[in-house]
Amino acid sequence: MKHRNLFWLQLAFTLLVCAFLIVPVVLSVLAGVTENFFIGLRSGLTLRWIGEVWSLYAETIYLSLLIAVACLAVTLVIGVPAAYVLARKEGRIARVIEEIIVLPVAVPGLAIALALIIVYGGFRDFRTSWAFILVGHVLYTLPFMVRSVLAVLSIINFRELEEGAASLGATFWQRFFTVVLPNAKPGILAGSLMVLTLSVGEFNLTWMLHTPMTKTLPVGLADSYASMRLEIASAYTLVFFIMIVPLLVAMQWLSRDRRARTVAQEQPLPTSRTFSQ
Amino acid sequence: MDRRDYPQLIIMILPAAIVFTAFFLVPMARLVIVGGSGEEHWAAYASIITKPRHLESMVATLALSIGVTVAALTVATVSGLFLVRNRFPGREILLSMLTFPLAFPGVVIGFLVIMLAGRQGLIGEVSKLLSGDKIVFAYSMAGLFTGYLYFSIPRVILTIMAAAEKLDPALEEAARSLGASPWRVVRDVILPALKPGLIASGAICFATSMGAFGTAFTLATNIDVLPMTIYTEFTLGVNLAGAASLSIILGLVTWAALFIARSLSGATVSASG
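These protein sequence lines are chains W and U, in that order.
Following this note's numbering, the numbering of the first sequence begins with 1 at its first residue and continues without gaps.
Following this note's numbering, the numbering of the second sequence begins with 1001 at its first residue and continues without gaps.
No wet-lab data here; the hints were simulated from the structure.
One should not assume that every hint holds.
Here are the simulated DMTMM-like pairs of lysine to aspartate or glutamate, each with C-alpha atoms no more than 25 Å apart in a straight line [what the hints assert, rightly or not]:
| no. | chain 1 | residue 1 | chain 2 | residue 2 |
| --- | --- | --- | --- | --- |
| 1 | W | K185 | U | D1005 |
| 2 | U | K1166 | W | D257 |
| 3 | W | K89 | W | E99 |
| 4 | U | K1134 | W | D257 |
| 5 | U | K1195 | W | E160 |
| 6 | U | K1051 | U | E1173 |
| 7 | W | K185 | W | D125 |
| 8 | U | K1051 | U | E1040 |
| 9 | U | K1128 | W | E35 |
| 10 | W | K89 | W | E35 |
| 11 | W | K89 | U | D1005 |
| 12 | W | K185 | W | E99 |
| 13 | U | K1166 | U | D1133 |
| 14 | U | K1051 | U | E1039 |
| 15 | W | K185 | W | E160 |
| 16 | U | K1195 | U | D1224 |
| 17 | W | K185 | W | E163 |
| 18 | U | K1166 | U | E1092 |
Since the model is a prediction, treat every value here as computed from it, not as a measurement.
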């Protein structure tokens, strides 16, 4: 009997926590499609605010997508090979490099942005282009790509596979593209989702690095929270949710899938553990 | 095959190394130097203790981060243990709800706190209906705490659940059969076993809270957390050296928290694994 009580008590507590996390999201979504939030749902549902967000902020949405895709391209091209090298090199130097590569996640975005502005702020064309924001996003997301690929490479025995290919006469590059990359695919996929999600939502760095001509979605959000009516801010937030939720669902689905396959894997992937706020 | 591959391996790590050196290592080194090149020279690094405004900001940020970490760990342990031990319909949905807000940026979370406890927020409306008094706390320390707790719970709960899944129920049975009270079972059996997970996720939670900027920015409270102080020094105060030295100190604190936790929990994790 006492056991049952404990069950219901814990369930109630957990439901309360869920409510704390979900209710504000529901409120914000509702506010975005309500004619007048102050009056409530009685005032009717509308897509007017979404339309207004589109006319005010469409460019921030395009720019965020552009930067996210560019960031993914860069982290794939430079991050995946780097992860492979780190996976092959045991020993202290490789571990030190690994530690250094993860630093941009441990150091607050504000500090990194300040450092970038101090060194490169003088190059006007660079400073005012979206490439400046891209640099920040690449630094911040690269660790996630590297760690994600590294995690997969460390559980499969890719060296053995490679040696097999080498004994059949495969060159280094043939081995990398036809043996290593296909085997690292789950890690690359998880890392890619992570990079896109992080880039689309990045604010701390971006707020410091942006210019009036290069506003991303989260920058626009901060702007609308400060200066727009609640309904527009909510509709804009709703647009952001619509962009980010498919990525999150894919990520949850992928990690569950992986958990099912490698049951007792000691270290969970670095996915989704360290988001800066 | 190993040595012959060296040239190719170097080619492969070179792009990442160049990008990283040019855009992270060199700028961070400059930041350290700039921090010591203001009017106060290297004493700027001591301003966190000597300047009352900076000290106040540091103490407030530390208190907030520690408080949020303790609260998040408590909440996540209760709910995490519950979800690991019980199977019931709807469990998966609860789990998804608890981890879903993981990727919300700080600005959005600030806005969600406003929806909850702001001037037009839910708590205000409900409390007005119930008691006639409108409770609004989004723009105070309580609002910051709410926001930080919001982004901390999802990131803590996964780690704790992973640790709880490895708990051996037989140990608890044994303790109970030897006459231990439920509280003693929690204190002497469950918590020690969860310790590595608690340390690891607590450090992540603490470091994130210390460096959080977006939430505080949206809520625009009059309490200056350290990242807001850095931001105002940089934009309003035009005090580049001050902003630089403060961000280096902040970076050291967050990095150290993560590093210490990793070395503390890492050893135990591999030992228990």
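Hint check against the structure, violated hint numbers in rising order: 4, 5, 6, 7, 10, 13, 16
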